[in-house]
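Put together the whole structure using the sequences plus the hints.
Chains as they are written, first to last, in the UniProt record's numbering: chain A, 1 to 330; chain B, 1 to 220.
If you are wondering where the hints come from, they were derived from the structure by calculation, not from laboratory data. These figures come from a predicted structure and were not determined experimentally. Glycine included, every Cβ here is placed at the ideal spot set by N, Cα and C. Incorrect hints may appear among the rest.
[As the list claims (entries may be wrong)] Some but not every residue of chain B turned toward chain A, in silico, with C-beta under 7 Å: (1) Phe6; (2) Asp34; (3) Ala35; (4) Asp36; (5) Asn40; (6) Ser73; (7) Pro81; (8) Gly169.
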Amino acid sequence: MKMLINVAETVVADALRGMAAAHPELAVDVENRVIVRRDAPVEGKVALVSGGGSGHEPLHSGFVGPGMLSAALPGEVFTSPVPDQMVRAAAAVDSGAGVLFIVKNYTGDVLNFDMAAELAEDEGIQVAKVLVDDDVAVTDSLYTAGRRGTGGTLFVEKLAGAAADAGLPLERVEAVARRVNENTRSIGVALSACSTPAKGSPTFDLPPGELELGVGIHGEPGRERRAMMTSREIADFAVDAVLEDLAPHNPVLLLVNGMGGTPLLELYGFNAEVQRVLVERGVAVARTLVGNYVTSLDMAGASVTLCQIDEELLRLWDAPVRTPALRWGC
Amino acid sequence: MLDALFFRRWLTATAAVVDREAERLTELDSPIGDADHGSNLQRGFRAVAAVLEKEVPDTPGAVLTLAGRQLISTVGGASGPLYGTLLRRTGKDLGDAPEVGPTRFAEALRSGVDAVAALGGAAPGDKTMLDALIPGVDALDGPSGSFGAAREAALHGALATTPLQARKGRASYLGERSIGHQDPGAASSALLFEALAETAESTETPESTETAESTDGSRG
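Spelled out as structure tokens, the structure:
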């Protein structure tokens, strides 16, 4: 496996140095692995902090800036960050209005953010947490770790970020984040496995003629493996899988997300098919975002996320945002 | 009796055995996790070994608490909080005692294992590190308990996770497809007991072997 890296051990630090050089509007602490918008803390505003394993870029570091996250914490590749990073970030961005931790539902992320929340509260910082668990591929039962957090994280971070920017207090920003999560569902499809720098080879074996339906963002297997399908067939499967779980009576925000190894030519073509199925199912799409936003290193494939909105959420979506990866209205 | 030096040597030995086995742990983590368990623990225990060279806590409890905090600060993922909690809670349970007997240590370790179970919400048979930790601490705490018996029991527990279906952590997403793979967390937990047995064996001088064995054997 050829990778554009020096050695696996410095992959995250090297990326952060490059990010710092490209984005002077962000304060990047390479040693402690904390990325903070340079104008933080913003007086009177709730701060949003999120993070997770590296390898999903632009999530979360690419979403730091006005209108979205106040700080992001990259962990090692596919490994959650540690509480020290989270507490350091919370202290850096808290203006006194409190901090919302946005946590994807993986055991490691949950445990580390729980510990960090306790430590931050010991330091007098008011902390609220919201768990993102939008992946319909996973059955949420007593016998699994629960649904995974995937593409829906982008909607939670953008809409809660806009709510914080509008000056809402912590409990209302938290409520927006929860409402977004409750109204958001995703499913992913892998055409190839991803390769972590530490392992240097694909993390699972997916033969050339097959695809994995319901894949997770770390290459965790999903519902089933089938012979390769067309874009049209994959769109039918993905939209129906999401709609089985979320029957929207309102318009939706649509994210057609690439896993990192699929070109935009294919993603736009896939989006055409997704839009076709949604029309057939009578679901109105208010806004569409197509691109690589919640990735899985070099995995080929895509995920589909729907977020049912109301007028308030649509206003929050259209509100200005200025981050490395998501930028409009300003 | 076990003093602060004994616990420092245990953790240094753990760092060495994790170094030695890191690749195997990562291989185990590859089919059912995300192929980083070895490298994550290696980073954490190297940091533990380094901090124990700089700082020299003078009680067993302080050694374990410091090591646990270091793991939480460096490992990440689920392993960081879980292993960190195991050592921290064990250390806190030991309190300020300058030396502890093996029975007292076994009691403290059990409270550490209980804390891991509470934090992760897992039970025996869920295919997690508990499937090695619980048999290990049971053997240490038993009537004929010894470090050697704990090593055997933990290793056996780790191997016995192979036919189980995972119910916690990332492997749980695999459902039935997790069957047939040894749990990497149970495998690394067995290494802790392996390092413990190695440390106890290397502490015994040839003349004192008999005494040490009878000390081990008389517990319970």
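Right, here's what the structure says about each hint:
At about 28 Å, the closest approach between the beta carbon of Phe6 (chain B) and any beta carbon in chain A exceeds 7 Å, and the interface hint on this residue is violated. Taking 7 Å as the C-beta cut-off, the interface hint given for Asp34 (chain B) holds, the closest approach to chain A being about 4 Å. At its closest, the beta carbon of Ala35 (chain B) sits 4 Å from a beta carbon of chain A; the interface hint therefore holds under the 7 Å criterion. Hint on Asp36 (chain B) holds. Least Cβ distance to chain A is approximately 6 Å, under the 7 Å limit.
The beta carbon of Asn40 (chain B) comes within 6 Å of a beta carbon in chain A, closer than 7 Å, and the hint placing it at the interface holds. The beta carbon of Ser73 (chain B) is positioned within 7 Å of a beta carbon in chain A (closest approach about 5 Å), and the interface hint is therefore held. Interface hint status for Pro81 (chain B): upheld, as the beta-carbon distance to the closest one in chain A is roughly 4 Å, under 7 Å. A hinted interface residue such as Gly169 (chain B) counts as satisfied when its beta carbon comes closer than 7 Å to some beta carbon of chain A; here the least separation is about 5 Å, so the hint holds.
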